[in-house]
Amino acid sequence: MKNGKLRQFVDKIKPTFDKGGKLGFLKSTFEGFETFLFVPNTVSLKGSHIRDSINLKRTMALVVIALLPAVLMGMLNTGYQHFLSQGQDVAFWSGQALWYGFIRVFPLIVVSYIVGLGTEFAVAQVKGHEINEGFLVSGMLIPLIVPVDIPLWMLAVAIVFAVMIGKEIFGGTGMNIFNVALLTRAFLFFAYPIFMSGDKIWIGGMFKGENVVDGFSGATPLAEAAAGNLDSLPSSMDMFMGYIPGSVGETSTLAILIGAFILIYTGIGSWKIMLSATVGGLLMGLLLNVFAVNPFMEVPFWQHMIMGGFAFEVVFMATDPVTATQTETGKWIYGFLIGILAILVRVINPAYPEGMMLAILFMNVFAPLIDYYVVQANIRKRLKRVTA
Amino acid sequence: MENLINIFVKGAFIENMILAYFLGMCSYLAVSKTVKTSMGLGFAVIFVLLITIPVNFLIENYILQEGALSWISPKLAEVDLGFLSFILFIAVIASIVQLTEMIIEKISPTLYNALGIFLPLIAVNCAILGGALFMQERAYNNIGEAISFAMGSGFGWLLAVVGLAAIREKIRYSNVPPALRGLGITFIIVGLMGIAFMSFMGIKL
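So the sequences go chain by chain: A and B. Note that this note's numbering has the first sequence beginning at 4, numbered continuously upward. Note that this note's numbering has the second sequence beginning at 11, numbered continuously upward.
Derived by calculation from the structure, the hints in this document are not laboratory data. Wrong hints could be hidden among the right ones.
Stated by the list, open to error - Computed list of lysine-lysine pairs in BS3-like fashion (alpha-carbon distance at most 27 Å, straight line):
id	chain 1	residue 1	chain 2	residue 2
1	A	Lys387	B	Lys85
2	B	Lys180	A	Lys387
3	A	Lys384	A	Lys275
To be verified - Some chain A residues close to chain B (C-beta under 10 Å, calculated; not the full set):
id	residue
4	Phe173
5	Leu186
6	Met366
7	Gln379
Every residue gets a Cβ at the ideal spot worked out from N, C-alpha and C, and that includes glycine.
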């Protein structure tokens, strides 16, 4: 497909966007699209450099591929839960469930990408630099961590906030301190709490109360556990497969494990963070089991892994290479503390049903500090070796 | 014992001086450029809090409160010197800060120079007076609780200031819009840190 029609077309319109061209002021927008479609043909000629087929866009695309199982299971589950709430008997693996899920989830994805990329393009235009493609992953993550009934305009407002304040003013992709997707969720959570918490929001159409069957609660397993109704928890298999209410993509631990496998196999996600966060979570759960003074603390420690957003956020958010710690030793500490904090906030803090979002944001704050001390310790060790 | 730990955790995380009450911002923003100096200031703040809060606790309970003077003679049981609390607290704080300054100058002249004017300015740091006033308002039962509160709030201050300093060291070479460089971006970071610290808000101990 060398020099296909598209390439010819792009080459034809290219001069229009060069300096002095008719649309020269849109140069960065044009470049953004061109490099999205084709591999750039500019190579450095001087100095030593490494040539590799992996670049930022491909890294991001791989993460999006790793997310696809979660998207699919999320759509199926959205449909399944919706029909369940209506009292209709529709199987989980059915076209009907998938179709309903698709028409509910797809708009979230579209809005997320259009608004987020629009913000990035606008900023790049104003600052006159190239487009950062950093939103490719965030744009897919954001629809997966919100309840399906969230109004689209709220999502748009939150994304603009997170991309502008959370990323662009820090210098764009790779410079942000806080995870963009989680900042979006935190903004939504604190600005529009009615649409982000409670029992009614997790199931498509339930917030408006259309034909909901009597006695259908819609509560997530975490809400049930927090209320002390351990008996009404779904079976572990259901929670593992994802037949439970929750944010769009977080429900199916199986799909997330497939994603985790892809991330680890391709070397994009740090297995150290995933492992240490899981260990931290398990240890904290175990500790709470020992001191169980209320029903929530009696939840078997391993069940915390398959409830709520723990698995999803450990695999896809905590491993964000930008906001996590950069040093290898730091990654162990960072992940471990995330696991501990997440379970701690989840169980101890009555204000939040789920602690994962704030635990990761909290550790984002201290990631640079962990790095600083790991580096300092390394320097001290080497100095000792030299002077000894 | 459990009570003391609860007060410590509360002071450090749930009611963090900086990120929950936004007290002591001036030195927080000014001295958070490098981790090393901010660590020094953090320890200075802990030290000052650790002395002033217990001392002020004693003053509050044995001089200022209504009926606190009854240990001198029963006739004074009705005297209420509560209106003097601000003046006395500030006097205690100012003298302790003076002492801290002399100690730091003696022990570590580098840190003394790095902290500069902000060391004597701890005297007017809102976090210190705030600590004393919180102590008064929350009416701790004994001096152990007051010390635990001082440790907790000082530790929380230290944690917040070194966290911010590490972030500022990390973004030193970031391409921040010119208008926001320096204090502007720092304010935004502190706001976002506040969101992260919301994770502890609402925990009842």
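Should the interface hint for Phe173/A be scored as holding, given a Cβ-Cβ cut-off of 10 Å against chain B? holds (6 Å)
Do the numbers back the hint for Leu186/A, that is, is its least Cβ distance to chain B under 10 Å? Constraint on Leu186/A satisfied, holds at 7 Å.
Is the Cα-Cα distance between Lys384/A and Lys275/A 27 Å or less? This hinted pair holds, its Cα atoms lying about 23 Å apart.
Min Cβ distance, Gln379/A to chain B: is it shorter than 10 Å? holds (9 Å)
Hey, does the Met366/A contact hint survive, CB to chain B under 10 Å? Result: holds, 8 Å to nearest chain B Cβ.
For the pair supplied as a hint, Lys180/B and Lys387/A, confirm whether the alpha-carbon distance does not exceed 27 Å. holds (26 Å)
Verify the proposed pairing of Lys387/A with Lys85/B, using a straight-line Cα cut of 27 Å. violated (68 Å)
Consistency with the previously given hints fails for number 1 only.
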